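Given the sequences, and given the hints that come with them, work out the whole structure.
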Amino acid sequence: MEPILSAKNIVKKYANHIALNNVSIDIPAQSIFGLLGPNGAGKTSLIRIINQITGPDSGQLFFEGALLAPKHIEQIGYLPEERGLYKKMGVGEQALYLAQLKGMTKADAKKKLKYWFEKFEIDAWWDKKVEELSKGMQQKVQFIVTVLHEPKLLILDEPFSGFDPINANIVKNEILQLKKNGATILFSTHNMGSVEELCDYIALINKSEKIIDGSVKEIRKQYKPNVFEIIFTGQMLGFTNAMWAGAELIDHVFDGEHNKVQVKLASNTTANDLLKVVLSTVDISSFKEIIPSMNDIFISTVREGNPLGTQSNFTE
Amino acid sequence: MNKILLIISREYLSRVKKKSFIIMTILGPLLLAAIMIIPVWLSMKQPDKQKIEVIDQSYLFKGLIPERKFVHFDYPEISFEMAQATFYDTDYDAILWIAPNILEGKGIAKIFYKKQIGIATEEYIRTTLNKMMYDVILVKNKVNVDIIKSAEVSSRFEVVTEELTPTGASKKTNTGLYMSLGLGAGILIYMFIFLYGLQVMRGVMEEKTSRIVEVILSSVKPFQLMMGKIIGIALVGLTQFLLWVALTTTLYSVASVTILKDVAIKQIQQKEEVIKIGADLNYKKMKKIQQPGAITRIMDDFKSVDVGAIFMCFIFYFLGGYLLYSALFAAAGAAVDSESDTQQFLLPITVPLILSFAVAQYVIQDPSSTLSFWFSIIPITSPIIMMVRLPFGVPPWELALSMCLLIIGFVLTTALAARIYRTGILMYGKKASWKELGKWLFYKG
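Going down the list, the sequences are from chains L and C.
Quick note: the first sequence uses this note's numbering, first residue 1, plus one each step.
Quick note: the second sequence uses this note's numbering, first residue 317, plus one each step.
It is worth saying that the hints were derived from the structure and are not from the lab.
Please read all numbers here as calculations on a predicted model, not as lab measurements.
Treat each hint with caution, since some may be false.
[Unchecked claim] Listed next, the in silico DSSO-like pairs over lysine-lysine satisfying Cα-Cα at most 27 angstroms (straight line):
{"#": "1", "chain 1": "C", "residue 1": "Lys755", "chain 2": "L", "residue 2": "Lys88"}
{"#": "2", "chain 1": "L", "residue 1": "Lys114", "chain 2": "L", "residue 2": "Lys88"}
{"#": "3", "chain 1": "L", "residue 1": "Lys128", "chain 2": "C", "residue 2": "Lys755"}
{"#": "4", "chain 1": "L", "residue 1": "Lys110", "chain 2": "C", "residue 2": "Lys537"}
{"#": "5", "chain 1": "C", "residue 1": "Lys333", "chain 2": "L", "residue 2": "Lys110"}
{"#": "6", "chain 1": "C", "residue 1": "Lys430", "chain 2": "L", "residue 2": "Lys260"}
{"#": "7", "chain 1": "L", "residue 1": "Lys106", "chain 2": "C", "residue 2": "Lys319"}
{"#": "8", "chain 1": "L", "residue 1": "Lys152", "chain 2": "C", "residue 2": "Lys319"}
{"#": "9", "chain 1": "C", "residue 1": "Lys335", "chain 2": "L", "residue 2": "Lys88"}
{"#": "10", "chain 1": "C", "residue 1": "Lys335", "chain 2": "L", "residue 2": "Lys111"}
{"#": "11", "chain 1": "C", "residue 1": "Lys755", "chain 2": "L", "residue 2": "Lys129"}
{"#": "12", "chain 1": "L", "residue 1": "Lys152", "chain 2": "C", "residue 2": "Lys537"}
{"#": "13", "chain 1": "L", "residue 1": "Lys152", "chain 2": "L", "residue 2": "Lys8"}
{"#": "14", "chain 1": "C", "residue 1": "Lys333", "chain 2": "L", "residue 2": "Lys135"}
{"#": "15", "chain 1": "C", "residue 1": "Lys334", "chain 2": "L", "residue 2": "Lys207"}
{"#": "16", "chain 1": "C", "residue 1": "Lys319", "chain 2": "L", "residue 2": "Lys87"}
{"#": "17", "chain 1": "C", "residue 1": "Lys755", "chain 2": "L", "residue 2": "Lys106"}
{"#": "18", "chain 1": "C", "residue 1": "Lys755", "chain 2": "L", "residue 2": "Lys87"}
{"#": "19", "chain 1": "C", "residue 1": "Lys319", "chain 2": "L", "residue 2": "Lys88"}
{"#": "20", "chain 1": "L", "residue 1": "Lys276", "chain 2": "L", "residue 2": "Lys288"}
{"#": "21", "chain 1": "L", "residue 1": "Lys129", "chain 2": "L", "residue 2": "Lys111"}
{"#": "22", "chain 1": "C", "residue 1": "Lys333", "chain 2": "L", "residue 2": "Lys13"}
{"#": "23", "chain 1": "L", "residue 1": "Lys135", "chain 2": "C", "residue 2": "Lys334"}
{"#": "24", "chain 1": "C", "residue 1": "Lys334", "chain 2": "L", "residue 2": "Lys13"}
{"#": "25", "chain 1": "L", "residue 1": "Lys13", "chain 2": "C", "residue 2": "Lys537"}
{"#": "26", "chain 1": "L", "residue 1": "Lys8", "chain 2": "C", "residue 2": "Lys537"}
{"#": "27", "chain 1": "C", "residue 1": "Lys319", "chain 2": "L", "residue 2": "Lys114"}
{"#": "28", "chain 1": "L", "residue 1": "Lys112", "chain 2": "C", "residue 2": "Lys385"}
{"#": "29", "chain 1": "L", "residue 1": "Lys106", "chain 2": "C", "residue 2": "Lys334"}
{"#": "30", "chain 1": "C", "residue 1": "Lys334", "chain 2": "L", "residue 2": "Lys129"}
In structure tokens:
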């Protein structure tokens with residue numbers, strides 16, 4: 001399927017530094033796409049360019065195959081990381097205003113706002129001023145304003161920040177529902193747990209350059225360090241003796257009954273080879289491959305700029 | 317285009333609905349009307365009648381000082397010491413003591429009071445005594461008092477200024493009226509540019525610091541947002557101004573048929589009184605009686621000024637000047653993170669404004685000088701200075717040139733400011749320097 005948005009060789013320079021250096025990404029339609037990267041990597045610059053708030057110095061963007069143009073603004077919804085509303089303005093009035101700026105008619109906006117306000121249980125707040133609302137309430141209003149015009153592409157910068165766990169869950173379900181309804185979500189976050197939970201694809205940007213992109217599954221597979229965890233009962237000595245040149249013991253824990261070991265295999269050997277040699281020496285109760293979490297991939301790639309080292313502390 | 321209208325209407329409505337706007341709109345004309353009405357009202361208000369005991373040791377004035385509604389004189393046959401001793405037992409408000417040697421030119425008169433007798437009474441006594449003294453001296457020297465009186469009255473004539481146009485037609489002018497008209501219009505424009513320019517700046521900062529700007533910019537271009545704000549606030553200013561004009565006119569006309577009606581009657585009475593008194597004229601009185609004439613004369617002079625044209629020019633220079641400056645105010649607001657940082661950028665904006673205000677005082681003295689010409693042509697000062705010059709008459713080509721330059725001026729400053737604005741509005745946590753602003757001018761949108 002054609003990507004809903006593709007950015008080709010985007011370069012953005014500021015006075016003293018390069019914010020984006022030749023960054024290309026493709027966001028597949030109807031997916032949740034995670035845009036990851038440490039603070040100051042250039043994510044916000046890229047998001048602003050996609051929103052046409054600023055323009056790239058060079059490079060091109062395509063929305064559904066056509067060159068990105070002002071008319072696409074109405075197809076995009078944007079929730080910035082730094083939330084903000086006019087404090088002195090009424091909630092309903094403000095939501096109507098922002099919806100109309102996105103090209104909705106007043107009547108249409110009113111109808112849809114009513115639906116969303118009821119859904120989020122804030123319809124009693126319509127005439128209140130924004131400054132009278134709690135922060136969580138303001139976040140809800142802002143989320144509604146972002147999705148109200150039913151954009152094809154939703155850009156959410158840290159959408160869960162500022163929500164309590166209950167409301168964060170409501171928002172998460174809304175995001176999944178929006179995807180089911182056909183929207184594509186570009187999702188920028190530091191919360192790797194939510195990336196693994198929600199994202200189909202990611203791109204990792206560090207120091208103005210894209211260093212990884214692809215589907216989350218592929219990436220995790222690609223970055224797996226070929227390490228296996230075996231839990232067994234029996235002689236540890238026998239186990240160690242069974243090791244050969246292609247396998248390296250990198251961790252061992254004994255809890256009085258079970259041994260838990262981690263073994264890193266050389267690239268030309270397989271899990272079957274490992275199983276064959278240890279089966280005859282110990283009783284295996286568990287055997288599994290260690291898959292790196294997005295958190296590990298994030299930290300190690302950002303820190304070292306290359307695939308995972310063996311010393312990383314893997315967790316499941 | 318539709319979106320800019322949305323922005324304009326939000327900016328406009330959110331301000332017009334504010335309590336402070338409504339209060340200012342009502343309070344402004346009330347104050348203006350009060351300034352116009354209160355002095356007149358005060359002047360016609362009668363002070364309490366004061367009783368004054370005259371101890372005249374010169375024997376020149378006994379029983380002769382003319383009485384007025386507010387003052388009554390008694391001439392008791394007692395000594396000065398006696399009068400002083402019994403002062404607090406009597407109901408006299410003051411003792412007027414006149415020295416015996418007053419005719420030799422050395423003496424004085426004194427007014428002793430319990431409570432301040434008021435400036436009007438004091439002034440009346442002083443001028444009346446002097447005047448009477450003057451007559452006494454004339455008579456003493458065998459001068460015909462009547463000739464002097466008639467000379468005084470008939471020697472008073474007006475000096476009128478008239479402009480002689482190249483076509484030979486002469487036009488009556490009133491420099492005082494032109495001065496106040498020009499200066500008034502200049503001050504009004506200065507105030508409006510300042511007030512509403514600062515509102516633009518605050519509005520921009522509000523959007524920047526509340527971060528809503530990012531949401532809005534994902535829907536509209538920065539230029540649209542900036543212009544929407546500027547135009548919206550301009551309309552607020554115009555609304556306020558027109559409401560002021562309308563309300564002040566209404567208030568004044570209502571007042572003139574109620575409160576001021578009495579004044580008119582009183583003035584007619586005074587006129588009759590003058591005729592009656594005849595030779596007993598005094599200067600103070602003369603001046604006062606000139607006033608009703610003065611008001612009608614000003615009304616006539618107003619006809620010599622093309623009020624409609626001045627009003628149209630006022631609207632033009634008000635909008636032109638505001639547009640020129642408010643774009644700069646918007647850029648200043650976009651360049652900073654907090655109000656306290658605005659000083660360094662505000663200074664260069666306010667200096668030409670304050671300068672033109674200061675120069676206006678000189679222009680009013682000499683509206684056709686070279687200085688006046690240049691300041692009324694250069695766009696950053698022309699909105700104020702041209703308005704000051706306008707009532708005195710400005711050649712059409714100068715006016716046209718000034719207007720064209722002002723339009724070019726605001727197009728240029730707006731273009732420049734828009735470039736600073738669109739970069740600054742998204743820059744956080746950084747105090748922008750002048751050098752940086754310069755760089756922003758060349759950033760690609």
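query: Straight-line Cα separation of Lys114 (chain L) and Lys88 (chain L) no greater than 27 angstroms?
result: 21 angstroms, holds
message: Run the distance test for Lys152 (chain L) versus Lys8 (chain L): straight-line Cα separation, threshold 27 angstroms.
response: Cα-Cα ~20 angstroms, so holds.
task: Would you check the hint for Lys333 (chain C) and Lys135 (chain L), treating anything up to 27 angstroms between C-alpha atoms as holding?
output: 26 angstroms, holds
field: Given pair status - Lys537 (chain C), Lys110 (chain L), alpha carbons within 27 angstroms
entry: Roughly 24 angstroms between the alpha carbons, so the hint for Lys110 (chain L) and Lys537 (chain C) holds.
query: Does the alpha-carbon distance linking Lys319 (chain C) and Lys87 (chain L) stay inside the 27 angstroms limit?
result: 21 angstroms, holds
field: Given hint Lys755 (chain C) paired with Lys128 (chain L) - CA-CA distance at most 27 angstroms
entry: 42 angstroms, violated
- prompt: Keeping to a limit of 27 angstroms between CA atoms, is the pair of Lys755 (chain C) and Lys88 (chain L) held or broken?
  reply: 34 angstroms, violated
- request: Assess, step by step, whether the Cα of Lys335 (chain C) is no farther than 27 angstroms from the Cα of Lys111 (chain L), and give holds or violated.
  value: Distance of about 30 angstroms is beyond 27 angstroms: violated.
- prompt: Does the structure keep Lys8 (chain L) and Lys537 (chain C) at a Cα separation of 27 angstroms or less?
  reply: With Cα atoms ~23 angstroms apart, Lys8 (chain L) and Lys537 (chain C) stay inside 27 angstroms; holds.
- prompt: Does the alpha-carbon distance linking Lys276 (chain L) and Lys288 (chain L) stay inside the 27 angstroms limit?
  reply: 15 angstroms, holds
field: 27 angstroms limit on alpha-carbon distance, applied to hinted pair Lys334 (chain C) and Lys13 (chain L)
entry: 42 angstroms, violated
message: Tell me if the straight-line CA distance from Lys13 (chain L) to Lys537 (chain C) falls inside 27 angstroms.
response: Holds, at about 20 angstroms.
Going down the numbered hints, you'll see the structure goes against 1, 3, 6, 10, 11, 15, 17, 18, 22, 24, 28, while the others check out.
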